[in-house]
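K.L.:
Here are the chains, one letter per residue:
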Amino acid sequence: NAGVTQTPKFQVLKTGQSMTLQCAQDMNHNSMYWYRQDPGMGLRLIYYSASEGTTDKGEVPNGYNVSRLNKREFSLRLESAAPSQTSVYFCASSEAPVGSYEQYFGPGTRLTVT
Amino acid sequence: KNEVEQSPQNLTAQEGEFITINCSYSVGISALHWLQQHPGGGIVSLFMLSSGKKKHGRLIATINIQEKHSSLHITASHPRDSAVYICAVRGGAQKLVFGQGTRLTINP
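First to last, the protein sequences are chains Z and D. Quick note: my numbering has the first sequence finishing at residue 120, numbered continuously throughout. Quick note: my numbering has the second sequence finishing at residue 593, numbered continuously throughout.
Only true hints are included.
Distance ranges between label pairs, derived from CB positions: (1) D/His541 to Z/Pro45: 26 to 34 Å; (2) Z/Thr118 to D/Asn592: 27 to 35 Å; (3) D/Glu500 to Z/Pro67: 37 to 45 Å; (4) Z/Asn71 to D/Glu502: 44 to 52 Å; (5) D/Lys539 to Z/Gln23: 44 to 52 Å; (6) Z/Gln23 to D/Arg565: 36 to 44 Å.
Where chain Z lies over chain D, by a calculated footprint (3+ residues, C-beta under 8 Å): (7) 509–518; (8) 522–534; (9) 582–589.
No lab work stands behind these hints, which were simulated from the structure alone. Even glycine gets a Cβ: it sits at the ideal position worked out from N, Cα and C.
Take these sequences, add in the hints, and give me the full structure.
P.N.:
As C-alpha cells, this is what we get:
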C-alpha cells in the first residue's frame with residue numbers, strides 16, 4: 007500500500023498564478039484533510055471532507071477551494087496564489103472523523119509563492 | 486493562551502538518556518494524538534489515547550484526563566529519535582488542535 011500520496015512535492019508559483027495540489031489514499035478511508043504548516047504556527051486545518059461528497063471549511067480556508075473527486079482523491083486548489091500561501095501543505099486521511107481515529111499523512115508539498 | 490501547549494520547545498540530550506515531552510491542553514477531548522515529524526518532513530502517528538498509558542517499543546505515552554496533561558517518554562534514546570514531536574487533541578467534530586511541537590535532538 008502506498009498510503010497517502012501527494013503531488014507535486016515542490017512547487018514555485020508567481021503571485022496570481024493558480025495550481026492544484028493532488029492527494030490520494032489507498033486505505034479506503036472515509037475522511038480526508040488538508041493542512042498547512044508554517045514555522046511557529048503548528049499544523050492548521052484548511053478544509054476537510056468527512057465522507058465522499060462532502061467538504062467543509064477548517065480554520066484557514068480563505069484563498070483555497072477543494073474537491074473530493076471520489077473516495078480516494080481530495081484536491082486543493084489555489085485560484086490566485088499569494089505570498090502568504092507560501093507554506094508546506096499536508097494531506098491526511100482517517101477511517102472516520104478525526105479525533106477517535108488515527109490520521110495518516112502524506113509526504114507534504116512545499117509551495118513557494120514569489 | 487494556546488489550547489494545546491507543549492514543553493519544552495527544544496530538547497537536546499545524549500544518547501541513552503530518558504526523555505520526557507509534556508503536553509497540556511485546555512479543551513475537553515475525546516482523544517489525544519502524538520505525532521512524529523522526521524527531519525525530512527514526513528509526519529507519522531505514534532499514539533492515540535484517551536486514558537491511561539500506551540507503549541510501543543521504547544516509546545510510552547500517558548494521559549491524565551483530570552489534569553488535562555499527557556506525556557511522551559522515550560527510553561534509551563538514540564540519535565534516530567531526533568525529530569519534532571507534536572501533540573494534538575480533538576477540538577471539535579472534525580478538528581484536531583495541534584501543539585507547536587517539541588524539537589528533540591539526541592547526540593551520540
